[in-house]
Amino acid sequence: MTPAIEVTLGEVAATLALIAVAAAVSLWRRADLESDIGLAVVRSFLQLTAVGYVIQAIFDSDSLWLVVLLLAVMVGVGAFTASRRASGVPGALPLVALALTVAAAVTLGLVLALGVFEAEPRYLVPVGGMVIGNAMTAAAVALNRLGDEVSDSAAAIEAALSLGATSAQASAGLVTRSLRSGMIPLVDSTKTTGVVFFPGTMVGMLLAGAAPIDAVRLQLILLWALLGSVAMSAVLAVSLAQRRFFTDAHQLRER
Amino acid sequence: MLRGVDLDVGTGTTALLGPSGSGKSTLLRLLNRLAEPDEGSVGFEGRDVRELDVLELRRSAVLVPQLPSPLPGTVADNVAYGPRLAGREADVGRSLELAGLGDAYAERDASELSVGEQQRVMLARALALEPRALLLDEPTAALDAEARDGVERTLSELSGEVASTVVLVTHDREQAKRLADRIVELRDGRVAAA
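Chains as they are written, first to last, in the working numbering: chain A, 1 to 255; chain B, 1001 to 1194.
So here's chain A without its partners, still in its complex pose (with noise of 0.2 angstroms):
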């Protein structure tokens, strides 16, 4: 296959003008994020530089099992840094990583299963990597309300537990409203799609040289497999989070 488009490192590095522009804002009203901006810039090149000869690297290989391994790493990566956001969840890290696990493995088997996509690295590292993504950032919010709900609601959970209620029945509730909020942003983002804002993929399509219909059609592969995957990832995140908070005898856990 020959390279659709090319960009050379100048023309990257003509982009430092608008991160001149952003520095320079800064400085004029005292933000105080020229040194954030200068790390971010640095960080950001060096990522994404080290990603790109990695992936590169696996393409040229072409073995599933550099990609499940990779993927695998992202996994990780992911439920570390969710579960740093769910600092109200006990032992999230675990649950995190098998919520991301099951929402990438589940997501990627169907896209297969039925054909969407063919099983070569070079689909299955950029659509596993969006998913991982967004399934870190669902369990993400959806964990943390979770963690502010039962804070919040402590009473009115004991409440019901004290009338006989299952933890599960008393903490129906707010695990539903932690399940919402995970969800919510991407189904909204969804809605406005092409209106409000145009998804990457089919930015990175139009970019590369590709028919606005062919990526407007991957990008809607993409966005509804996403749709899964979050909603997976959530709920499973939830769910097993939700038990961290009770003991065997439906009691509230002290914390």
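Don't read these hints as lab results, they were simulated from the structure.
Be careful, since some hints might not be right.
[Said to hold, decoys possible] Beta-carbon label-pair distances, calculated as ranges:
1) A:A172 / B:R1108: 21 to 27 angstroms
2) A:G109 / B:A1086: 54 to 60 angstroms
3) B:G1040 / A:G228: 48 to 54 angstroms
4) A:S239 / B:D1048: 29 to 35 angstroms
5) B:E1107 / A:D36: 54 to 60 angstroms
6) A:A168 / B:D1103: 31 to 37 angstroms
We put the CB at the ideal spot given by N, CA and C, even for glycine.
Take the given structure of chain A and dock chain B to it, following the hints.
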């Protein structure tokens, strides 16, 4: 919080009296197993609570919380909640009547009632389960004097009519004398006088 408490609560109304932090509420939470003792055991009707089905225990020894925490929905939804979980039909009208609320309250939104009225809903909600023991955690602490007198009147009328055992947690000695057959004083997590 509680240390070396050896207490046998029989039938009738027992008041657990003591200043805040003396372990009164903890004792109630141990009785319906919302909390677990670090050491020792808690029994209900002669059996260790850990041997009992915890959901059945909580339906038999029902706790009325200190601060009303109505569930979303109407008063009737609140009253029917416990029995519905147990697969039983609730007698909403009778529970409301016992708690001193008229039928007119049934369809009102529980969250829009006054604190005094909400406390009566909490009582009705507990009574709907027809418990054998009623655990009242400072049932009048959040109320003004008038509402307190009303709830106290209701509680005296209830005694003997519904739950055979009532445990009343209070910091108010006069209230304990007015309502209880027996007073147990707690201080710093120990029984000071019984």
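Given the hint of 48 to 54 angstroms, check if G1040 (chain B) and G228 (chain A) actually sit that far apart at their C-beta atoms.
Hint holds: Cβ distance 51 angstroms, inside 48 to 54 angstroms.
Between G109 (chain A) and A1086 (chain B), does the C-beta distance stay in 54 to 60 angstroms?
violated (42 angstroms)
Consistency of beta-carbon spacing, D36 (chain A) to E1107 (chain B), with hint 54 to 60 angstroms:
holds (57 angstroms)
C-beta pair S239 (chain A), D1048 (chain B): status relative to the range 29 to 35 angstroms that was hinted:
holds (32 angstroms)
Within 21 to 27 angstroms: is that where the Cβ-Cβ distance between A172 (chain A) and R1108 (chain B) falls?
Cβ of A172 (chain A) to Cβ of R1108 (chain B): about 24 angstroms, so the range 21 to 27 angstroms holds.
Verify the CB-CB distance for A168 (chain A) and D1103 (chain B) against the hinted window 31 to 37 angstroms.
holds (33 angstroms)
Comparing the model with each numbered hint stated earlier shows that hint 2 is the single one that does not hold.
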